[in-house]
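Q: What follows is each chain in one-letter form.
Number of protein chains: 2
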Amino acid sequence: MSTYDLIVVGSGPGGYVAAERAGALGKKVLLIERGYLGGVCTNWGCIPTKSLLNSAKLYHHSLDGAKHGVQAASVTFNLPDAMTWKNDTVKTLRSGIEFLMKANKVETVFGEAEFVDPHHVKVGDTVYEGSYLVVATGSSAFVPPLPGAKLEHVLTSNEILDLEEVPESLVIIGGGVIGVEFASFFSMIGTKVTVIEMMDEILPMMDAEFAKLMRRELKEVDFHLGCKVEEITKEAVFYTDAKGNKQSTEASLVLMSVGRRPNTQGMEKLGLDIDRRGLVVNDRLQTNVANIWAIGDVNGRSLLAHSASRMAEVAICNIFGSKEMRMRYNAIPWAVYGNPEAAGCGITEKEAKEQGIPVKSETVQMRSNGRFLAEQGKRASGLVKVICHQESGAILGVHLLGPYSSEIIWGASALIEAEMRVQDVKEIVFPHPSVSELIKDACFALDHSL
Amino acid sequence: MSTYDLIVVGSGPGGYVAAERAGALGKKVLLIERGYLGGVCTNWGCIPTKSLLNSAKLYHHSLDGAKHGVQAASVTFNLPDAMTWKNDTVKTLRSGIEFLMKANKVETVFGEAEFVDPHHVKVGDTVYEGSYLVVATGSSAFVPPLPGAKLEHVLTSNEILDLEEVPESLVIIGGGVIGVEFASFFSMIGTKVTVIEMMDEILPMMDAEFAKLMRRELKEVDFHLGCKVEEITKEAVFYTDAKGNKQSTEASLVLMSVGRRPNTQGMEKLGLDIDRRGLVVNDRLQTNVANIWAIGDVNGRSLLAHSASRMAEVAICNIFGSKEMRMRYNAIPWAVYGNPEAAGCGITEKEAKEQGIPVKSETVQMRSNGRFLAEQGKRASGLVKVICHQESGAILGVHLLGPYSSEIIWGASALIEAEMRVQDVKEIVFPHPSVSELIKDACFALDHSL
Numbered sequence: 042m043s044t045y046d047l048i049v050v051g052s053g054p055g056g057y058v059a060a061e062r063a064g065a066l067g068k069k070v071l072l073i074e075r076g077y078l079g080g081v082c083t084n085w086g087c088i089p090t091k092s093l094l095n096s097a098k099l100y101h102h103s104l105d106g107a108k109h110g111v112q113a114a115s116v117t118f119n120l121p122d123a124m125t126w127k128n129d130t131v132k133t134l135r136s137g138i139e140f141l142m143k144a145n146k147v148e149t150v151f152g153e154a155e156f157v158d159p160h161h162v163k164v165g166d167t168v169y170e171g172s173y174l175v176v177a178t179g180s181s182a183f184v185p186p187l188p189g190a191k192l193e194h195v196l197t198s199n200e201i202l203d204l205e206e207v208p209e210s211l212v213i214i215g216g217g218v219i220g221v222e223f224a225s226f227f228s229m230i231g232t233k234v235t236v237i238e239m240m241d242e243i244l245p246m247m248d249a250e251f252a253k254l255m256r257r258e259l260k261e262v263d264f265h266l267g268c269k270v271e272e273i274t275k276e277a278v279f280y281t282d283a284k285g286n287k288q289s290t291e292a293s294l295v296l297m298s299v300g301r302r303p304n305t306q307g308m309e310k311l312g313l314d315i316d317r318r319g320l321v322v323n324d325r326l327q328t329n330v331a332n333i334w335a336i337g338d339v340n341g342r343s344l345l346a347h348s349a350s351r352m353a354e355v356a357i358c359n360i361f362g363s364k365e366m367r368m369r370y371n372a373i374p375w376a377v378y379g380n381p382e383a384a385g386c387g388i389t390e391k392e393a394k395e396q397g398i399p400v401k402s403e404t405v406q407m408r409s410n411g412r413f414l415a416e417q418g419k420r421a422s423g424l425v426k427v428i429c430h431q432e433s434g435a436i437l438g439v440h441l442l443g444p445y446s447s448e449i450i451w452g453a454s455a456l457i458e459a460e461m462r463v464q465d466v467k468e469i470v471f472p473h474p475s476v477s478e479l480i481k482d483a484c485f486a487l488d489h490s491l
Numbered sequence: 042m043s044t045y046d047l048i049v050v051g052s053g054p055g056g057y058v059a060a061e062r063a064g065a066l067g068k069k070v071l072l073i074e075r076g077y078l079g080g081v082c083t084n085w086g087c088i089p090t091k092s093l094l095n096s097a098k099l100y101h102h103s104l105d106g107a108k109h110g111v112q113a114a115s116v117t118f119n120l121p122d123a124m125t126w127k128n129d130t131v132k133t134l135r136s137g138i139e140f141l142m143k144a145n146k147v148e149t150v151f152g153e154a155e156f157v158d159p160h161h162v163k164v165g166d167t168v169y170e171g172s173y174l175v176v177a178t179g180s181s182a183f184v185p186p187l188p189g190a191k192l193e194h195v196l197t198s199n200e201i202l203d204l205e206e207v208p209e210s211l212v213i214i215g216g217g218v219i220g221v222e223f224a225s226f227f228s229m230i231g232t233k234v235t236v237i238e239m240m241d242e243i244l245p246m247m248d249a250e251f252a253k254l255m256r257r258e259l260k261e262v263d264f265h266l267g268c269k270v271e272e273i274t275k276e277a278v279f280y281t282d283a284k285g286n287k288q289s290t291e292a293s294l295v296l297m298s299v300g301r302r303p304n305t306q307g308m309e310k311l312g313l314d315i316d317r318r319g320l321v322v323n324d325r326l327q328t329n330v331a332n333i334w335a336i337g338d339v340n341g342r343s344l345l346a347h348s349a350s351r352m353a354e355v356a357i358c359n360i361f362g363s364k365e366m367r368m369r370y371n372a373i374p375w376a377v378y379g380n381p382e383a384a385g386c387g388i389t390e391k392e393a394k395e396q397g398i399p400v401k402s403e404t405v406q407m408r409s410n411g412r413f414l415a416e417q418g419k420r421a422s423g424l425v426k427v428i429c430h431q432e433s434g435a436i437l438g439v440h441l442l443g444p445y446s447s448e449i450i451w452g453a454s455a456l457i458e459a460e461m462r463v464q465d466v467k468e469i470v471f472p473h474p475s476v477s478e479l480i481k482d483a484c485f486a487l488d489h490s491l
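Protein chains in written order, with this note's numbering: chain A, 42 to 491; chain B, 42 to 491.
Please note that a few of the clues may not be correct.
When chains are identical, the list treats them as one kind, so a pair holds in a single copy or across two.
[To be verified] With a straight-line Cα cutoff of 25 Å, these simulated DSS-like cross-link-like pairs (lysine-lysine) come out:
# : residue 1 : residue 2
1 : 146       : 467
2 : 269       : 233
3 : 401       : 391
4 : 467       : 68
5 : 310       : 163
6 : 269       : 467
7 : 68        : 191
Treat the hints as calculated values from the structure; they're not laboratory data.
Make a model of the complete structure from these sequences and hints.
A: Structure follows, in structure tokens:
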């Protein structure tokens, strides 16, 4: 029987990073994957959606270039070509992970992991023994037991990535990040999109003011908030609206994006505590079974690819590293990659209120910014909000809606991690012209003093 | 005679920010401008070039969209339309500054400032008295006394912004930021561009490896390094190449971008010290005359718009603020907005060596990054380099070449300002997928330990 220092189950952005980091420390590591290297993120999530969104944005720019001096005749969107580029991207990244595993001497086995006991995992007929076990099995799209939910035209975010034709109409059930990104993509390429959301606003992690602007900016998308879907038929989606009236929307395609569930199946023999969110872990990412650690979506603490990767580092540091490390959740950024983009890091005002933290905040309009104006024009909209502690001025939250948001936001994580205050940010030199300057503007709006 | 707490001469990104900040502190401020509000940056520099470069990038994307699924029958570039958009942008920003001045109760006078003595400035027939004087008169393009330098087709970065037709060929003398940005712009819109640079590499502030890649990425531009221009005629530019041979290049247009000179004319009566770079200031931005402060290009310490704005804040803080503040130059970012973009903050390895600072550095390829691959493809090039102190691991320099560089770089300023170390950056959560993640990758390459 082959024995390992570490067995990692699942090769998404949690699992492969755990394997990589442990391998880099010279540990003997086995990585087990039932599908493709990279998991949902690489194969059906972050990466393919960003590839397709980029294509759609290019299409949008080509249609809209005349005012910038770019004239194009008969611009059309070819979905199969966009899909080919997307598939190439995914394959390249998968090979990259394969290379990374080899470079760090990680052994990889493909197949369904069968958890025998806390030290043994079986794949096919082979049993592997490990001193430590990192469970990084991820999550799956949840399909609620609605009448019609299993009809052929009802897809999850997995299947919709293999479409060959632009659908005429699409109803998206659920206005979270996945729902909104697909809404943006399909509306840009000409599909009539309707989003039906049960809550009274889309994008629950987003500041309410920003979520409202996001809906307004997604002009072609029809949003129905506070609505409960009752039934799906071949022709339409039936729902009860916020006032209790029965409504329906025709749809040639339906995307189910109401949430994700942790993949905890088959772990019965391990004796792990499981709650509503997934495998229960402490802030070191250890489960109740001392040698088993759980990272990424399967523990349900933060369902983001980069959270999974960070959890991987924290777990491996605690298992094999030089110090004890705790997972911090206060400076994890998120981004929505539609058109427009949005991103945030830290708390919203609503969260501050719920947590009883006294805060101040200022919002600035992007149209006061040179680069934004030069590229988007004076009729475009975008917002930047900075939230700080009322007394100390410590930066607690940064929220962006507009171009480059997803590439600007990492600096906000740095500010929060470094416990910088508004007056410190005012001393940072931001490059001009850049959209990022608006963060400094918001800080000066919070405090004009010098 | 009207008296003021502060007279600011020049309304560029130094002067208008100085006026704004002093106004916000309740001071009585006069701002004198001989041309347009916003100075070179808004009217002939940062802003118009970024507007035009954005148009050229959109054109490039439209031409190149097929692989992403975007097909267009005929794509053409209309320079007058791009110029109209650019002019609108400039006008909007100018109005923005006008509004900002009014909002902060700054009085504005248009006309040439005549410096009478350290407390008096004359515009036309009116003399204004000020307790303090901030000189923010900027710089002008230097035109060397070459034979032919005054021919009609030899332009500076000012006049070239009013072209109505795409030139067939363009020789750019000087491969600094201005030269390279125009090289990128004109080569993208179909002009045959040649850059003649006296030094042995373009972009002197850039890491040598990055500058070389920049030349390679600007495929359509013909670079001649180590060359000395001897004469310009109506038909050609004559120069001596690196080997001492006489050469010439035909050109329908010539851009002179060999450097800029501080605007120190007419200040004789003030008794100010002037050196090769411009007005001499201490690290509080004060000149040798106690009530006169000099900020921005005119002091020659850092010829960047955002440096001027920061100097404005430092000077106003020292004049009217609550504490003494010194201007720090170690964390000022720069960016080149061509295609590709590049940006940096902090020192290069060469500078570290010259200053005797022991450093370590690691460079990572952008093509290992998910978002870069999804948008640029596996054949595209880009680099990220992180430089840290050999012993402490403190981040001393971050260099980027590739998409989003100009919007990512502000976070590097934050890292350097906060004196973060490689091991601290490894604990920051970067959003996935984003190009910014490569900074973390470079930090892990510097130090694999956990």
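Q: Which numbered hints turn out to be false for this structure?
A: Violated hints: 6, 7; rest satisfied.
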